Amino acid sequence: MTLTNPTHDAAREQDLILQVQRGQSELFYELVRPYERRVYAAALAILRNEQDAEDTAQEAMLKAFANIRQFRAEARFSTWLIQITVNQALMRRRRERTVPMEGLDNRRDVSDNENEYAPRDFADWREIPSEALERKEVRQRLAEALATLDRKYREVFVLRDMEHLNIQETAEALGITVASVKTRLLRARLMLRDLLAAGWEQGWFSRLPFEKGNKPW
Amino acid sequence: MVENTFRCEQVWREVSNYIDGEVDAALRSSMDEHFRTCKRCASVLAGTRNVVQLYGDERMLDVPAGFSRRLEKRLENRLTHDSAVKGSRWSSWSAWLVPVAAMALIAGGLLLTNNLTHWHFVRSQHAEPAYKIPPDLVVVVSDGAKLFHVPGCPFIHDKASERTMTAKEAMQEGYVPCTRCLRQYLKTGMSGHSATEVAEGGRVEEEEREETLSVAGH
Ligand SMILES: [Zn+2]
Ligand SMILES: [Zn+2]
Numbered sequence: 001m002t003l004t005n006p007t008h009d010a011a012r013e014q015d016l017i018l019q020v021q022r023g024q025s026e027l028f029y030e031l032v033r034p035y036e037r038r039v040y041a042a043a044l045a046i047l048r049n050e051q052d053a054e055d056t057a058q059e060a061m062l063k064a065f066a067n068i069r070q071f072r073a074e075a076r077f078s079t080w081l082i083q084i085t086v087n088q089a090l091m092r093r094r095r096e097r098t099v100p101m102e103g104l105d106n107r108r109d110v111s112d113n114e115n116e117y118a119p120r121d122f123a124d125w126r127e128i129p130s131e132a133l134e135r136k137e138v139r140q141r142l143a144e145a146l147a148t149l150d151r152k153y154r155e156v157f158v159l160r161d162m163e164h165l166n167i168q169e170t171a172e173a174l175g176i177t178v179a180s181v182k183t184r185l186l187r188a189r190l191m192l193r194d195l196l197a198a199g200w201e202q203g204w205f206s207r208l209p210f211e212k213g214n215k216p217w
Numbered sequence: 001m002v003e004n005t006f007r008c009e010q011v012w013r014e015v016s017n018y019i020d021g022e023v024d025a026a027l028r029s030s031m032d033e034h035f036r037t038c039k040r041c042a043s044v045l046a047g048t049r050n051v052v053q054l055y056g057d058e059r060m061l062d063v064p065a066g067f068s069r070r071l072e073k074r075l076e077n078r079l080t081h082d083s084a085v086k087g088s089r090w091s092s093w094s095a096w097l098v099p100v101a102a103m104a105l106i107a108g109g110l111l112l113t114n115n116l117t118h119w120h121f122v123r124s125q126h127a128e129p130a131y132k133i134p135p136d137l138v139v140v141v142s143d144g145a146k147l148f149h150v151p152g153c154p155f156i157h158d159k160a161s162e163r164t165m166t167a168k169e170a171m172q173e174g175y176v177p178c179t180r181c182l183r184q185y186l187k188t189g190m191s192g193h194s195a196t197e198v199a200e201g202g203r204v205e206e207e208e209r210e211e212t213l214s215v216a217g218h
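Going down the list, the protein sequences come from chains A and B.
The numbering of the first sequence is my numbering, which starts it at 1 and goes up by one.
The numbering of the second sequence is my numbering, which starts it at 1 and goes up by one.
This is chain B alone, in the form it adopts within the complex (with noise of 0.2 angstroms):
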């Protein structure tokens, strides 16, 4: 071995910083040095080097059999569903939401003031698979709310706390659908509103209940 202004645990240190270019200029020509006379080093580098290279390679990212399949299909299940709330969401919304206050006017205030019983009627009849939610759609539940959601809703609670699942784990944590986004899925066989709608209504989160209330009130 050559006495080098360097010592080899100092190169190895910096070897990896030197394969990345993070080195100054001074210290790089001193290492380049200390490879051409220190064979410990060079092989050093040149199996870092050989590491770095081999598994940066593409092929080294080896995914499961199917999995674009899967993936792809997941997707494709979630974007369509996506384009068909998008296109109905301002427009029939609004309009769902007018006989949903009517509905609670009719029902006096007993929808709106006993949101306690209406959630245990909910939960219970929720307990029941009583609409055909696909179980692998994928749905966003958040922190301090109850509901789930198709991803992008705007009544989503705290978009911040958002996770994402399916509504098959959701229900079984407990949530419940929203009846904005996942509307299409409530309808039981009843005929009109059917009484998971009508206390569906009745039920609403913190921002939502305002806009319900002031729907109501006019």
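Here chain A stands alone, though its shape is the one from the complex (with noise of 0.2 angstroms):
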């Protein structure tokens, strides 16, 4: 899959874009699918539960389909997609109101400057290599650390860091300015850099599979 040739795949992209547009439904879903886990994504960093984020990715996605018309071939796809996806899951919970409070520090972006996050561990960094994701414990390790920042800095890092968006389109998603962005996703990476350095202690990455010399200790 990630052998592609990605010129292909932006062409043909571009082709069900068309065709869809055009009318043919059924190609929809091959047009979103490669999406579909970021949809997801965004829709939890915003919402926080499950159900919710999938019921809202669902909802996302047709939106996107009855708005595919208005779709420009100027902007990504998949940004497209994923602000129509934190749109709908800002809507759902303006709406519900889960949280007390809620959408009144998202839009403001005084305070970001406010006691700056100085790193807290400077030990030598023991690098996590990327194939301990393969392990779904540390995934989950991860999604845990990630789950604990507040939420105007984890929607930050979310947009950015794991959707991809760069920070002028993560600030649009938003509604917020770009330094804003810029400053919650440097103390987001900090402290989940602080909180993965804790983790060591914690003995969450202890039997990572690390190749021959590449040994942290």
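Don't read these hints as lab results, they were simulated from the structure.
Just to be clear, a hint being listed does not mean it is correct.
Unchecked claim - If you only want the chain B side, here are some residues facing chain A, beta carbon under 8 angstroms, derived: (1) R40; (2) L54; (3) D57; (4) L71.
Said to hold, decoys possible - Here are the simulated DSBU-like pairs of lysine-lysine, each with C-alpha atoms no more than 35 angstroms apart in a straight line: (5) B:K132 with B:K146; (6) B:K146 with B:K159; (7) B:K159 with A:K136; (8) B:K132 with B:K159; (9) B:K73 with A:K136.
It should be emphasised that the depicted structure is a prediction, and the values quoted were computed from it without experimental measurement.
Beta carbons: idealized from backbone N, C-alpha and C, even for Gly.
Hey, can you piece these two chains together into the complex? The hints should help.
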């Protein structure tokens, strides 16, 4: 899957979009399928509830379908889809008001610079190799660490670092400034770094499949 | 620690931008210099990079078991329905409008002048599940209108305030089905035009009313 030619994929995607826009509805799933996991992750980052996230992911896909004719080729389709998802998820959260005071801090850019975050752990960094992600337990630990972040950091981090939106796109999706995205992203990354460092102490990564000569101890 | 042009705190503040290539050349080279000589900041950089690399991995995007299948199914339901509606939207809709208009004329001014009465009538009719709309059918509602529609219906009142939900949710919220796009579900067991259908023809939303009136006037 990772071996497919990206240029070919992009051309295929353009083609699919055009066909769906012209009424070939049955091709829509093929078009969105490569992004379904990202759509779900975006919804989950905002709603923090698997059921709501799944429902919202489905709604977002349907919304994208209903509005497919408004999609313009200048935009990236994936970004457009993620933005619809974020929008749906934010709407749902506002509607359901599951958490009191929701929606207050997200739109406010002040106070991002107050109390800057300083890293806590300065020991030589023990690299966690990507191969470790093969283990569900490791993925779960990472997801748990992420879930402990405050909403405003978590949302920016997920859109930027997991969904791979650029900084401008992240700002637009969340309705915050570029400067705010940068500040929150920095903080999210530094906090996660400390959480992973602490994870070592707790043995999260103790049985990692390190290659020879790559042992951190 | 080596004396540096930079203090560590400044480096921490920029480490994220550094990774993203969002620092200018001068800042970058000062930071490079700092990382070479400051173990603390080298650790911060390495760890931050590790975080970005791990979480950015596709494998971090877990979905619940059965997610894809459920998504595909919901899309399928909706898309199949959409093409059915789309195929018939303009042709059979206008054909259908004529009998309704005729019914309106037969009923005299009643249907068109007494919206409120019929509104209540329709609402109470709809309190019972008289039609066979699949409860999980995806429908669209909008502000300031009482109808729910199949997405893409040309009679959606205010597209900007569209909300998507299931037919069941829409009915629970008190919305009633649009007779245009959901017509296929509105047939009751009665022969000919059901009471629901006739009443629906008389209760029209703002933008629909004119149209029905103008047809009726012909
Ligand atoms: Zn330093
Ligand atoms: Zn309709």
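Now the hints, each set against the structure:
1. The interface hint given for R40 of chain B holds, since its Cβ lies 4 angstroms from the closest Cβ of chain A, which is under the 8 angstroms cut-off.
2. Checking L54 of chain B against chain A by beta carbon gives a least distance of about 6 angstroms; that is within 8 angstroms, so the hint holds.
3. Hint status for D57 of chain B relative to chain A: holds, with the closest Cβ pair at about 5 angstroms, below 8 angstroms.
4. Interface hint at L71 of chain B: satisfied, since its Cβ lies 6 angstroms from the closest Cβ of chain A, which is below the 8 angstroms cut-off.
5. Our distance criterion of 35 angstroms between C-alpha atoms is met by K132 of chain B and K146 of chain B, whose separation comes to about 19 angstroms.
6. Proximity of K146 of chain B to K159 of chain B is assessed by CA-CA distance (about 14 angstroms); at most 35 angstroms being required, the pair is judged to hold.
7. With a C-alpha separation of about 43 angstroms, the suggested pairing of K159 of chain B with K136 of chain A is violated against the 35 angstroms cut-off.
8. For the hint pairing K132 of chain B with K159 of chain B, the CA-to-CA distance comes to about 26 angstroms; that is within 35 angstroms, so the pair holds.
9. Note on K73 of chain B and K136 of chain A: the hinted pairing holds, with a Cα-Cα distance of about 27 angstroms set against a maximum of 35 angstroms.
Hint violations for this structure: number 7 only, all remaining hints satisfied.
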